[in-house]
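S.K.: Listed below are the residues making up each chain.
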Amino acid sequence: MALENLRGRVAFIFEEINFDVDQIVGVKNIKITDIDELAAAAMQSYDPDFRSVVRPGDLLVGADNFGYGHPHYPPMRAMRHIGIAGVLAESFSPGYWRGEISMGFPQATCPGILGLVERWDEIEIDWAANEVRNLTKGGSLPIDPLSNADRAMLDAGGLIGYLQGKRQPAA
Amino acid sequence: MGYTITEKILARVSGLDHVKAGDEVMAKPDFITAYDFPGYTDVYFKQMKEDFGIERVAEPERIAMFIDHMVPAATPKEEELHIVTRKWCAENNVPLFERKGIGHQVASEVGYAVPGAFVVHFDGHISQLGTFGTLAMGIRRNLLEALVNEKISIKVPHTVRVNLTGTLSKGVLARDVFHHLVREMGPASCRFQVLELGGPGMAQLTTEGLQTITGLAMFTGAVTAIVNPDQARLDYALPRARKKLEPVYSDADADYAKVYEIDLDALEPLIVIPPTPANSRNLSEYLGLELTNGYLGSCASGRLEDLEIAARILQGKQVAPGFQLNVVPTSNEIMVAASRAGYLATLTEAGAFVSAPSCDYCFGRMGAMSANQRAVSTGTLNVRGRMGSPDSEIYLCSAATVAASALEGKIADPRKYL
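Going line by line, the protein sequences match chains A and B. Using this note's numbering, the first residue of the first sequence is number 13, and each one after it goes up by one. Using this note's numbering, the first residue of the second sequence is number -6, and each one after it goes up by one.
The hints are simulated quantities; they were obtained by calculation from the structure and are not laboratory data. Please note: incorrect hints may appear among the correct ones.
Claimed, not checked - The calculated EDC-like cross-link candidates involving lysine to aspartate or glutamate, where the alpha carbons are at most 20 Å apart (straight line), are:
1) Lys40/A x Asp353/B
2) Lys144/B x Glu17/B
3) Lys178/A x Glu54/B
4) Lys70/B x Asp46/A
5) Lys80/B x Glu48/B
6) Lys144/B x Asp10/B
7) Lys310/B x Glu401/B
8) Lys43/A x Asp384/B
9) Lys43/A x Glu71/B
10) Lys40/A x Asp384/B
11) Lys70/B x Asp353/B
12) Lys237/B x Asp223/B
13) Lys149/A x Asp133/A
14) Lys251/B x Glu239/B
15) Lys21/B x Asp10/B
16) Lys148/B x Asp133/A
17) Lys42/B x Glu73/B
18) Lys148/B x Asp167/A
19) Lys178/A x Glu17/B
20) Lys70/B x Glu91/B
21) Lys178/A x Glu48/B
22) Lys251/B x Asp76/A
23) Lys163/B x Glu261/B
24) Lys21/B x Glu239/B
25) Lys43/A x Glu17/B
26) Lys43/A x Glu43/B
27) Lys80/B x Glu54/B
28) Lys310/B x Glu342/B
29) Lys236/B x Glu52/B
30) Lys236/B x Glu143/B
31) Lys93/B x Glu71/B
32) Lys178/A x Asp44/B
33) Lys409/B x Glu301/B
34) Lys163/B x Glu298/B
35) Lys80/B x Glu52/B
36) Lys149/A x Glu136/A
37) Lys39/B x Glu73/B
38) Lys178/A x Glu43/B
As the structure is a prediction and not an experimental result, all values here were calculated from the model.
Go ahead and model the full structure; you've got the sequences and the hints to work with.
M.R.: Structure below.
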């Protein structure tokens, strides 16, 4: 199964460099496991109406070193529940990147993305052409190609599917 | 063009003559390490059985489990997690290290820091095995790949080389050196790359100091840090080594993505202000800031030299009234040595609360702060809520700075006490 292109609006732009994703739900909510509670907590300090204005397939955009700090899984669990389909950033912090790719959540590195898009622009991430296109205003930028393993993991919907597809002798 | 120590290690574990940065390979970790934590190990155990049909692991000697968080247990639920871990280890014949200290330190003590070995964990602070020329990476949930498959997919990382030069001044510790690297190079300087330390300034750093620096590598964006082990590191690691391997070293003409020259001569004590480990500042800018708490411990401190310098500063004095100082030796081996040397008696007499080794003070499970409290800490991290309330504050610094600040109840310069 080939990774499908992502087409959606830029639902939010995190302009802060070294952005700590835990802030999306707030540190005091980071231990919530109920997905509805988490989703209700998400983005409250950025845009309280976020949940009602997002449409399934919308995307997030971040700045340099997105996911720095000590990233936990709940913030992006909440975002996926709300309908967010992936994240584009100028660059990513490796721990965050590895964690979300293993959840099957598409991430794309796109140097220059902050200059290409504004909030609510419709964009498309094309994994075959390795580029992101601004469908609202025109223009495009290359994205860094995914490694084979990352692509395979996204294709498989995450770590478990990926591993089940390639069983070897166990440790 | 030659090869880095990282490329040489990954070539061996991939069964290839050589690999270069950027290659995607399938690598067999020499050791798979983890501590038990809800949502991690309990889930792995379940997934291995239910999703992958693994009733017993094939090579139990490759796996090491640690119980160092939630030690001692505070609730029946925590103890139940430990019971699950003990049972799994017993059934699988997997070595379990419980109540021995913080696993990243204990891993070195019990022989998993084999020079030239490749080690994985879900937690990135395992990078501190790099002190001994071990390539040790935190791979988060992907640790499951190492538990269910013999090999894991990995892209050989590029290496950023840092050459240290110069001499450390009195009262400037390895901890300050690390935060200086973040300040000079930037919190994204080594993203997806290995931080390799070298240069004549290495002579200024002890094994314990290097464990501090390599253990914090993730805050430069690095996937790990590594050192080409000198005789002192080999003398520590080889007699304990659980696997016989030939140590490897970077070639003189190895290919580095970038080389930094970092001068230690002019370095002053640093402090990292909340809420991110990217915020290194000169300690001198924050002197006098009122404090309520101090923490000396974690996998990034709490070793013998940290306890020694704190004891030297607090010898015959008292912690400021109302100030809570928690001191947590990193492992039992260290606690015993510090006890025999008299450091723990000195610290206790000075008013410190000395705990047995545990990870729990670092993430607010123990010694939690309430809103508006403010700590100096040698813990790993200063993000909001890390040590209790999201409205408390954590200033990261060296063990010497924690001790000096404990005396004054304010952020203080350790140099005047040394």
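S.K.: For every hint, state whether the structure bears it out.
M.R.: How the hints compare with the structure:
| no. | hint | verdict |
| --- | --- | --- |
| 1 | Lys40/A x Asp353/B | 18 Å, holds |
| 2 | Lys144/B x Glu17/B | 12 Å, holds |
| 3 | Lys178/A x Glu54/B | 24 Å, violated |
| 4 | Lys70/B x Asp46/A | 19 Å, holds |
| 5 | Lys80/B x Glu48/B | 13 Å, holds |
| 6 | Lys144/B x Asp10/B | 17 Å, holds |
| 7 | Lys310/B x Glu401/B | 11 Å, holds |
| 8 | Lys43/A x Asp384/B | 16 Å, holds |
| 9 | Lys43/A x Glu71/B | 15 Å, holds |
| 10 | Lys40/A x Asp384/B | 9 Å, holds |
| 11 | Lys70/B x Asp353/B | 16 Å, holds |
| 12 | Lys237/B x Asp223/B | 17 Å, holds |
| 13 | Lys149/A x Asp133/A | 7 Å, holds |
| 14 | Lys251/B x Glu239/B | 27 Å, violated |
| 15 | Lys21/B x Asp10/B | 15 Å, holds |
| 16 | Lys148/B x Asp133/A | 34 Å, violated |
| 17 | Lys42/B x Glu73/B | 19 Å, holds |
| 18 | Lys148/B x Asp167/A | 18 Å, holds |
| 19 | Lys178/A x Glu17/B | 16 Å, holds |
| 20 | Lys70/B x Glu91/B | 17 Å, holds |
| 21 | Lys178/A x Glu48/B | 18 Å, holds |
| 22 | Lys251/B x Asp76/A | 19 Å, holds |
| 23 | Lys163/B x Glu261/B | 9 Å, holds |
| 24 | Lys21/B x Glu239/B | 17 Å, holds |
| 25 | Lys43/A x Glu17/B | 35 Å, violated |
| 26 | Lys43/A x Glu43/B | 26 Å, violated |
| 27 | Lys80/B x Glu54/B | 16 Å, holds |
| 28 | Lys310/B x Glu342/B | 8 Å, holds |
| 29 | Lys236/B x Glu52/B | 13 Å, holds |
| 30 | Lys236/B x Glu143/B | 17 Å, holds |
| 31 | Lys93/B x Glu71/B | 18 Å, holds |
| 32 | Lys178/A x Asp44/B | 13 Å, holds |
| 33 | Lys409/B x Glu301/B | 16 Å, holds |
| 34 | Lys163/B x Glu298/B | 14 Å, holds |
| 35 | Lys80/B x Glu52/B | 17 Å, holds |
| 36 | Lys149/A x Glu136/A | 12 Å, holds |
| 37 | Lys39/B x Glu73/B | 15 Å, holds |
| 38 | Lys178/A x Glu43/B | 16 Å, holds |
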